[in-house]
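**Student:** Sequence:
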Amino acid sequence: IYDKPEPLDGPYFEESIYTVPTGLAPDRSAQVWNQLQSAVWALGLGTGPVHAEFRLGQGQPRLIDLASRSIGGRCSTVLHFRSGATLEELILLNALGEQLPDVGLEEGGAGVMMLPVPGPGTLLAVAGRDDALAVPGIEGLEITVPIGRAIAGPPGRGTATSGFCFPGGRWRGRG
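Position 30, counted from 1, in the sequence shown is what the numbering used here calls 30; the numbers after and before it change by one each time, with no gaps.
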């Protein structure tokens, strides 16, 4: 379970930050897992990756998105499994019917921040990379839009992220 610590109000919203492990209480996590399992079975999905999103409010978690796919972009890179395998390797091993190595996550926390695009335009330059990487806890930075590429802008109108920033470490009392 990834946490999305920022409120995402819509109908359109930029994806922003995902963190692992979840900060949900065990009983709340169980509610999410139970609803997810019921939805997956209702769709007849028996094996393979599942991407789901829930809204958590006062009552029961509400499933708002479910697809038979892995997480997109570079977001899977924050999952550090004790076996050293990547999420994509685990998905392929599972698809081939191979035995999976330890799928438990390493101790500590990690996250990914999708770098927002404030509006339509063209990426002319990238500056401040070394400064960003010098910030304690920042483990990586990837700009995924080539210099000179037109960017459509916020959600509902095309590309809404220019790259990814990867913090890691221990925070929020976890790990």
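Be a bit skeptical, because a hint or two may be false.
Unchecked claim - The following label-pair restraints were derived from C-beta to C-beta distances:
#: 1; residue 1: G140; residue 2: W33; range: 38 to 46 Å
#: 2; residue 1: I17; residue 2: Q58; range: 18 to 26 Å
#: 3; residue 1: D102; residue 2: L124; range: 21 to 29 Å
#: 4; residue 1: L93; residue 2: L24; range: 25 to 33 Å
#: 5; residue 1: I1; residue 2: G148; range: 22 to 30 Å
#: 6; residue 1: L100; residue 2: V126; range: 23 to 31 Å
#: 7; residue 1: W33; residue 2: G119; range: 36 to 44 Å
#: 8; residue 1: K4; residue 2: G137; range: 14 to 22 Å
These are computed hints drawn from the structure, not numbers from a lab. Ideal Cβ positions, reconstructed from N, Cα and C, are used throughout, including at glycine.
**Student:** Hint by hint, which ones does this structure get wrong, listed from lowest number up?
**Tutor:** 1, 3, 5, 6
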